[in-house]
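Undergrad: So the protein lines, in turn, are chains A and B.
Going by the numbering used here, the first sequence wraps up at 121, each residue one higher than the last.
Going by the numbering used here, the second sequence wraps up at 218, each residue one higher than the last.
Derived by calculation from the structure, the hints in this document are not laboratory data.
We treat Cβ as the ideally placed atom computed from N, Cα and C, and that holds for glycine.
It is possible that part of the hints are untrue.
To be verified - Counterexamples of contact, computed for chain A against chain B with all Cβ distances above 12 Å:
hint, residue
1, S19
2, S33
3, D56
4, E63
5, E86
Said to hold, decoys possible - Quick list of in silico lysine to aspartate or glutamate cross-link-like pairs, DMTMM-like style, CA-CA up to 25 Å:
hint, chain 1, residue 1, chain 2, residue 2
6, A, K49, B, E201
7, A, K29, B, D162
8, A, K44, A, D24
9, A, K44, B, D132
10, A, K49, A, E22
11, A, K78, B, D132
12, B, K120, B, D144
13, A, K64, B, E165
As the list claims (entries may be wrong) - Stretch-level coverage of chain B by chain A, calculated; a stretch enters the list once three of its residues show a Cβ under 8 Å from a Cβ in chain A:
hint, segment
14, 142-148
15, 177-190
16, 207-218
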Amino acid sequence: GENVEQHPSTLSVQEGDSAVIKCTYSDSASNYFPWYKQELGKRPQLIIDIRSNVGEKKDQRIAVTLNKTAKHFSLHITETQPEDSAVYFCAASMGSGGSYIPTFGRGTSLIVHP
Amino acid sequence: NAGVTQTPKFQVLKTGQSMTLQCAQDMNHNSMYWYRQDPGMGLRLIYYSASEGTTDKGEVPNGYNVSRLNKREFSLRLESAAPSQTSVYFCASSERWDYGYTFGSGTRLTVV
């Protein structure tokens with residue numbers, strides 16, 4: 008089955024700095040890669056996703072890049088703000104007859120210091 | 107638009123008791139999922155339902171059962187609760203395989 012490794016487990020930055028979280032996956036058939044943000048005590052929420060036919064996607068201060076050859080994808084947050092502090096999860100999945108199971112990374116705790 | 111609604115939000119059970127966690131979505135999504143979240147373990151899939159009428163085991167199904175009651179509702183049952191089932195449980199739904207999940211607000215379950 009698919010295996011997703013996420014690094015680092017904790018990331019501490021100063022407000023205004025950039026943050027990068029990286030995930031690697033094992034199954035080359037995976038072709039959908041979402042990222043979720045989970046604030047303390049809240050539910051995970053989808054913040055951005057990328058499909059395998061695209062190398063990069065941006066949404067304001069957030070971007071995701073995908074390297075299919077190396078089987079890794081990364082979340083980039085620029086100009087970090089204290090409200091970006093949360094746990095971020097990556098996932099990888101593949102379509103199979105309409106039924107699929109995404110595999111999640113174990114999460115990265117991002118702390119943005121004012 | 108409620109999205110995914112889970113009940114209850116908090117529950118304390120004694121070892122051996124049973125309970126059912128309820129989940130309902132109003133987005134006409136085909137697929138629904140139950141996850142548990144433990145510190146440092148991320149999100150682990152318990153059971154899922156790819157479409158109405160089907161259910162399948164996930165990574166950690168032991169001690170749980172599920173029912174896809176209709177397209178909207180997907181319940182999770184603990185028949186005989188154990189302290190190892192103390193966790194936060196999330197229900198989620200998705201329209202199709204390459205769309206992200208919408209999660210419910212979670213149920214914090216403590217088994218004593």
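Undergrad: Report holds if the minimum CB distance from A/S33 to chain B is greater than 12 Å, and violated otherwise.
TA: 15 Å, holds
Undergrad: Does A/E86 sit more than 12 Å from chain B, CB to CB?
TA: Non-interface label stands for A/E86: nearest chain B Cβ at 24 Å, farther than 12 Å.
Undergrad: Is the Cα-Cα distance between A/K44 and A/D24 25 Å or less?
TA: Roughly 18 Å between the alpha carbons, so the hint for A/K44 and A/D24 holds.
Undergrad: Is the straight-line distance between the alpha-carbon of A/K49 and that of B/E201 25 Å or less?
TA: 22 Å, holds
Undergrad: Quick check: do three or more residues in the segment 177-190 of chain B have a beta carbon closer than 8 Å to a beta carbon of chain A?
TA: violated (count 0)
Undergrad: Sort out whether B/D162 lies within 25 Å of A/K29, counting only the CA atoms.
TA: Violated. A/K29 to B/D162 sits at ~30 Å, over the 25 Å cutoff.
Undergrad: Below or equal to 25 Å on CA atoms is what counts here, so check A/K64 against B/E165.
TA: Given pair A/K64, B/E165 is violated - Cα atoms ~30 Å apart, limit 25 Å.
Undergrad: Taken at face value, is the distance from the CA of B/D144 to the CA of B/K120 at most 25 Å?
TA: Distance of about 19 Å is within 25 Å: holds.
Undergrad: Taking 12 Å as the cut and beta carbons as the points, is A/S19 off the interface with chain B?
TA: At about 17 Å from chain B, A/S19 clears the 12 Å cut-off, so the statement holds.
Undergrad: Examine the segment 142-148 of chain B for residues whose CB is less than 8 Å from any CB of chain A, and state whether their number is three or more.
TA: holds (count 3)
Undergrad: Could you check that no beta carbon of chain B comes within 12 Å of the beta carbon of A/D56?
TA: Non-interface label fails for A/D56: nearest chain B Cβ at 6 Å, not farther than 12 Å.
Undergrad: Can the restraint linking A/K49 and A/E22 be considered satisfied, given a maximum Cα separation of 25 Å?
TA: 22 Å, holds
In this structure, the earlier hints numbered 3, 7, 11, 13 and 15 are contradicted, and the remaining ones agree with it.
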